[in-house]
Amino acid sequence: RKEVEQDPGPFNVPEGATVAFNCTYSNSASQSFFWYRQDCRKEPKLLMSVYSSGNEDGRFTAQLNRASQYISLLIRDSKLSDSATYLCVFTGNQFYFGTGTSLTVIP
Amino acid sequence: DAGVIQSPRHEVTEMGQEVTLRCKPISGHDYLFWYRQTMMRGLELLIYFNNNVPIDDSGMPEDRFSAKMPNASFSTLKIQPSEPRDSAVYFCASSPRGATHQPQHFGDGTRLSIL
Numbered sequence: 001r002k003e004v005e006q007d008p009g010p011f012n013v014p015e016g017a018t019v020a021f022n023c024t025y026s027n028s029a030s031q032s033f034f035w036y037r038q039d040c041r042k043e044p045k046l047l048m049s050v051y052s053s054g055n056e057d058g059r060f061t062a063q064l065n066r067a068s069q070y071i072s073l074l075i076r077d078s079k080l081s082d083s084a085t086y087l088c089v090f091t092g093n094q095f096y097f098g099t100g101t102s103l104t105v106i107p
Numbered sequence: 001d002a003g004v005i006q007s008p009r010h011e012v013t014e015m016g017q018e019v020t021l022r023c024k025p026i027s028g029h030d031y032l033f034w035y036r037q038t039m040m041r042g043l044e045l046l047i048y049f050n051n052n053v054p055i056d057d058s059g060m061p062e063d064r065f066s067a068k069m070p071n072a073s074f075s076t077l078k079i080q081p082s083e084p085r086d087s088a089v090y091f092c093a094s095s096p097r098g099a100t101h102q103p104q105h106f107g108d109g110t111r112l113s114i115l
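These protein sequence lines map, in sequence, to chains A and B.
Heads up: the first sequence is residues 1 to 107, going by the working numbering.
Heads up: the second sequence is residues 1 to 115, going by the working numbering.
Each hint should be verified, as a subset may be incorrect.
The calculated lysine to aspartate or glutamate pairs, modelled on DMTMM-like cross-linking and capped at a C-alpha distance of 20 Å, are [claimed, not checked]:
id, chain 1, residue 1, chain 2, residue 2
1, B, K68, B, D57
2, B, K78, B, E18
3, A, K42, A, E56
4, A, K79, A, D39
5, B, K24, B, D108
6, A, K2, B, D57
7, B, K68, B, D56
8, A, K45, B, D57
9, A, K45, A, D57
10, B, K78, B, D57
11, B, K24, B, D57
12, A, K45, A, D82
13, B, K78, B, E11
14, A, K2, B, E44
15, A, K45, B, D30
16, A, K42, B, D57
17, B, K78, B, D108
18, B, K24, B, D63
19, A, K45, A, E56
20, B, K24, B, E14
21, A, K42, B, E11
22, A, K42, A, D82
23, A, K42, B, D30
24, A, K45, B, D108
25, B, K68, B, E14
26, B, K78, B, D63
27, A, K2, B, D56
Covered by chain B, per the in silico footprint, the following chain A stretches (three or more residues, Cβ under 8 Å) [to be verified]:
id, region
28, 9-21
29, 62-71
It should be emphasised that the hints constitute simulated quantities derived from the structure, not laboratory data.
The beta carbon of each residue, even a glycine, is placed where N, CA and C say it ideally should be.
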């Protein structure tokens, strides 16, 4: 079983839509959780950390469900500039990256 | 503040040649990571260092790959001899103390093409 499972998409949504991604992890001892964003031909960049109680940063909301071992990312009021690949990350002894979910926001 | 600096940005070379990728981590970061990214396999951790010491190299695909960190501000990833299947984007990342709880900062990557 893979350490991290992530729906690759692609997700194609109209501007203004709400979209959500999930990511499951197999290691129940995972300690830290992050969402990264990667633009085409660029490096991954930290989007936000994911805290146990859930956290919000503007239009972005991240949640953690330890019982079911998944994290989620919700993007409200999608913008064209949100088009990118979103990578989930879990940590145990090292960082485990998901393969990424591709999002395209359509005008 | 300077981020993680990688060189070269692009490398095209013939099969069998030696390839050396370079990385300068963010000053003060104790951890340094080397990743490889392909469409098929996504982002794969190759090796990581803590305070210049290799901690986990289980991701290094073969003996043709080697990595060193002679000091806190420099690391190399070497492929010898290179093969076409090594073509990928290679990223270096660094993070501060307590790496498993701290996010990583990535360099721009080296786009490697082996002909």
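Consistency of the hints with the structure:
1. B:K68 - B:D57: Holds, because 11 Å separates the two Cα atoms, which is no more than 20 Å.
2. B:K78 - B:E18: Holds, at about 7 Å.
3. A:K42 - A:E56: It is violated: about 25 Å lies between the C-alpha atoms, which goes past 20 Å.
4. A:K79 - A:D39: 14 Å, holds
5. B:K24 - B:D108: 11 Å, holds
6. A:K2 - B:D57: Status holds; Cα separation ~19 Å.
7. B:K68 - B:D56: 12 Å, holds
8. A:K45 - B:D57: 23 Å, violated
9. A:K45 - A:D57: 15 Å, holds
10. B:K78 - B:D57: 13 Å, holds
11. B:K24 - B:D57: 19 Å, holds
12. A:K45 - A:D82: Distance of about 13 Å is within 20 Å: holds.
13. B:K78 - B:E11: 13 Å, holds
14. A:K2 - B:E44: 12 Å, holds
15. A:K45 - B:D30: The hint holds at about 19 Å.
16. A:K42 - B:D57: Outside the cut-off at roughly 25 Å; violated.
17. B:K78 - B:D108: Holds, at roughly 18 Å.
18. B:K24 - B:D63: 24 Å, violated
19. A:K45 - A:E56: 17 Å, holds
20. B:K24 - B:E14: Answer violated: K24 of chain B to E14 of chain B is near 26 Å, above 20 Å.
21. A:K42 - B:E11: Holds. K42 of chain A to E11 of chain B sits at ~16 Å (cutoff 20 Å).
22. A:K42 - A:D82: 14 Å, holds
23. A:K42 - B:D30: Roughly 24 Å between the alpha carbons, so the hint for K42 of chain A and D30 of chain B is violated.
24. A:K45 - B:D108: This hinted pair holds, its Cα atoms lying about 10 Å apart.
25. B:K68 - B:E14: Violated: K68 of chain B and E14 of chain B sit about 23 Å apart, past 20 Å.
26. B:K78 - B:D63: 10 Å, holds
27. A:K2 - B:D56: 19 Å, holds
28. 9-21: Answer violated; 0 residues pass the 8 Å Cβ test.
29. 62-71: Result for this restraint: violated, n = 0.
Against the hints set out earlier in the document, violations occur for numbers 3, 8, 16, 18, 20, 23, 25, 28 and 29.
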